[in-house]
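Protein chains: 2
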Amino acid sequence: MKLSILGCYSATPRIVAQTTSQVLETRGHVFLIDCGEGTQVQLRKYKIKFNQIKHIFISHLHGDHYFGLIGLISTFNLLTRDTDLHIYGPKGLKEIITLQIKLAKSWTNYKIIFHELCSSSSVLIFEDEKVSVHTIPLDHRIYTNGFIIKEKPFNRKLNINKAESLNIDKAYFRKLKQGEDVVNDKGEIISNKLVTLPGRSPLSYAFCSDTAYCESIIPIIFDVDVLYHESTFLEEHEYLCTKTKHSTAKQAATIALKANAKQLILGHYSTRYGGLEGFKNEASTIFKDVVLSGDGKVFDF
Amino acid sequence: MKLSILGCYSATPRIVAQTTSQVLETRGHVFLIDCGEGTQVQLRKYKIKFNQIKHIFISHLHGDHYFGLIGLISTFNLLTRDTDLHIYGPKGLKEIITLQIKLAKSWTNYKIIFHELCSSSSVLIFEDEKVSVHTIPLDHRIYTNGFIIKEKPFNRKLNINKAESLNIDKAYFRKLKQGEDVVNDKGEIISNKLVTLPGRSPLSYAFCSDTAYCESIIPIIFDVDVLYHESTFLEEHEYLCTKTKHSTAKQAATIALKANAKQLILGHYSTRYGGLEGFKNEASTIFKDVVLSGDGKVFDF
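Sequence order for the protein chains is A and B.
If you count by the numbering used here, then the first sequence holds residues 36 to 336, one letter each, in order.
If you count by the numbering used here, then the second sequence holds residues 36 to 336, one letter each, in order.
Some hints here could point you the wrong way.
Note that the list lumps identical chains together, so a pair holds whenever it fits in one copy or between two copies.
[Said to hold, decoys possible] Here are the computed lysine-lysine pairs in the DSS-like style, where the Cα-Cα straight-line distance is at most 25 angstroms:
#1 Lys210 / Lys187
#2 Lys205 / Lys315
#3 Lys221 / Lys278
#4 Lys140 / Lys126
#5 Lys323 / Lys221
#6 Lys129 / Lys221
#7 Lys293 / Lys210
#8 Lys82 / Lys197
#9 Lys280 / Lys140
#10 Lys205 / Lys146
#11 Lys192 / Lys140
#12 Lys89 / Lys187
#13 Lys82 / Lys293
In case anyone wonders, no lab produced these hints; they're calculated from the structure.
All of these numbers come straight from a predicted model, not from anything done at the bench.
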C-alpha cells in the first residue's frame, strides 16, 4: 500500500497547509479519500494520474473534506474522461454535485455513480477480488464515516520444482496457490503445505477523520496495520474537543493502542500551533509507533 | 482604483495558473469579482484583508468563476466575521450555497444577502454616494454578466483663501465643493468657478468574462477607462469561439476600440499556449494600449 498525503490540516486551506485529502494506492486501485479545496492542484503537484482515480470516498460534508470535489469532477470532464467514477459519501452529496452540474449545464461525458451513505453501523461499500472497503462510523458534529481498506488474502507461493517432482499436474497449480490439497498423477493426496509457502500477509489501512474520542470504532479497526487518526488539538486544548467533536493526539494514540494498530499516522492538525512535534511527542507517551503526516508525504507499507 | 489579479486563466486551476478572480479597490470598497477554486489562498498570498470584502460579484456559474466561493464563505465564518456579505450572481447561486451550508450544519454568524441576477439588460446592482455597479449582459453558454464599476463625480477642489477673501461664509464651502454658486456676506452672488477647480475625473472599470464577441456591450461600457476583456484564444483557434462562446485577443481588442476604452487588460487565457505574448501581439494590431493580466499582477489607475 502506498499512501500519499495531499493535505492534512483542518479548517481552511492556506498557502502552505492544505485541507484533508489523500490517495491510497493498493492492488491496482487508486482511491481518493476526502477532497478539500485545491485537491486537484495537489494531485498535479504530486503527479498522481487523474484518470486512475475511479473511487472517491468522502468522510463528511464539512468543506475542508469535500469542497474540492466539484472542481475535480469538472476537470475530469475537461480532460475528456470517459470511465465511470464512483463516489461514496453522506446523503446530500449527490444533490450538491448534481445541482452545480445542472446550473453550469456541464453534464459529464462520463458516468458518476453516487453511493450515498446513511448507516450508523459499519457497512461494506466496495469489494472486489483484491480489496474491501468498509465504513467506520465516527462521532462528529455531522454524519461522518472513516474508511477501512483491507487487502484480501494473497495466494500461497507455489514451489513449482517441488510440485513437479511430486508428479502434480499443472492444472492443479491454481488450487495449490489457493491453499487446497490436490491429488497427483499417481492418485496420492498431496498436502498443500508440502509444496507451498504462505503468501504475503494482507495489509489494512484505516482513515479516521473527523471524530471525537470514540471507542466504538475499536472493533472495526482492530489489528489494523496503519491507522490515520485525526489529532486536531494538543492536550492543552482538550476542552475544545467536546464542543467541536475532535480528538487530541493522546486520544488518537489511545485508540491506536486499544485497537492494537501497528502504526499511527497523525493528521488534521489545527494551524494554531507553531509546529507539529507537539502532536508526536504527546501521542508517543501512549503509543510507540507514531508518525506525523504532512502535505506531500508518502508512506509505503 | 487598484485592481489585483488573483487568477486569470480559464478552465481548471493548475500549480502556476489560477482561475478567474480579482479584487477591485475603489473609494473605500474592496470588491471581489469572481471566485475560482483557491481564491481564498490567493487572497492570503497577496495579503488582501478578508474582512474588508463586503461585496462579491459572480459573473456566471461555470466552476472556474465560482468554485472558491463556498470555501471563502466558510472561512469568513471560521474567522468569526460578523459583517454582512452581499453576493451578486446568477439565479441558482443562493441555492448552491445554502444547500452546502445546510448539509454542513454550518450556518454563518454573519448575514449573507444574495442579489440574484436574471435580467438580460444592464441593471444597476449596487450604488452608494461614491460608486455604482451595473451588470454587462454577456454572450456565453450560460447566463453570464460582466460588471462595470464607475466612480461617482468627485467634489470640486475649493481654494479656501480665495473664498475667504471673497467674504464667503464657511457654511457654504460644502455647496461650493458640490459645484453650486453661493451668496457671500455682502449679498453678492459668487460664481462657483471663481473659487473652485474641477475634482479628479471619475474612473470606470469594466470586467467582461466570459463572452463571445458581443457588440451589444459597447454602449454599456462606452468610454470606459479600463476594460478587462477575456481572450481565451489566439486567432488560430477562432473557430473554437463559436462553439465555446469565448473571444480571441483580436476580438477583445475590437471591442475595446469600438467602445473607446482607454486601456485593455487581457485575461482568461487558455493554457494551451506556451506563453502569453501572442495574446498581446495579436490584440495590439487593433488597439494601442493593451496589457496582459497575470496572477498576482496589480494595476493602479
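Hints and how they fare:
Proximity of Lys210 and Lys187 under a CA criterion of 25 angstroms is satisfied intra-copy only: 17 angstroms inside one chain copy versus 85 angstroms between copies. In this assembly of identical chains, the alpha carbons of Lys205 and Lys315 never lie at most 25 angstroms apart, being 53 angstroms within a copy and 70 angstroms across copies at closest. In the homo-oligomer, the alpha carbons of Lys221 and Lys278 never lie at most 25 angstroms apart, since the shortest distance is 72 angstroms inside one protomer and 73 angstroms across protomers. Taking the shortest alpha-carbon separations for Lys140 and Lys126, both the intra-copy value of 23 angstroms and the inter-copy value of 14 angstroms come in at or below 25 angstroms.
In this assembly of identical chains, Lys323 and Lys221 lie within 25 angstroms of each other by CA distance neither inside one copy nor across copies; the values are 54 angstroms within and 94 angstroms between. Taking the shortest Cα distances, Lys129 and Lys221 never come within 25 angstroms of each other, neither inside one copy (61 angstroms) nor across copies (78 angstroms). In this assembly of identical chains, the alpha carbons of Lys293 and Lys210 never lie at most 25 angstroms apart, being 38 angstroms within a copy and 79 angstroms across copies at closest. Taking CA atoms no more than 25 angstroms apart as the test, Lys82 paired with Lys197 passes in neither setting, with 44 angstroms inside one copy and 71 angstroms between copies.
Proximity of Lys280 and Lys140 under a CA criterion of 25 angstroms is satisfied inter-copy only: 14 angstroms between copies versus 38 angstroms inside one chain copy. Taking CA atoms no more than 25 angstroms apart as the test, Lys205 paired with Lys146 passes in neither setting, with 42 angstroms inside one copy and 74 angstroms between copies. With identical chains, the CA atoms of Lys192 and Lys140 are never at most 25 angstroms apart, being 53 angstroms at best within one copy and 52 angstroms at best between copies. Proximity of Lys89 and Lys187 under a CA criterion of 25 angstroms is satisfied intra-copy only: 19 angstroms inside one chain copy versus 54 angstroms between copies.
Within a single copy, Lys82 and Lys293 get their C-alpha atoms no closer than 36 angstroms, and across copies no closer than 45 angstroms, so neither meets the 25 angstroms cut-off.
In terms of the numbered hints stated before, the structure departs from hints 2, 3, 5, 6, 7, 8, 10, 11 and 13, listed from lowest to highest.
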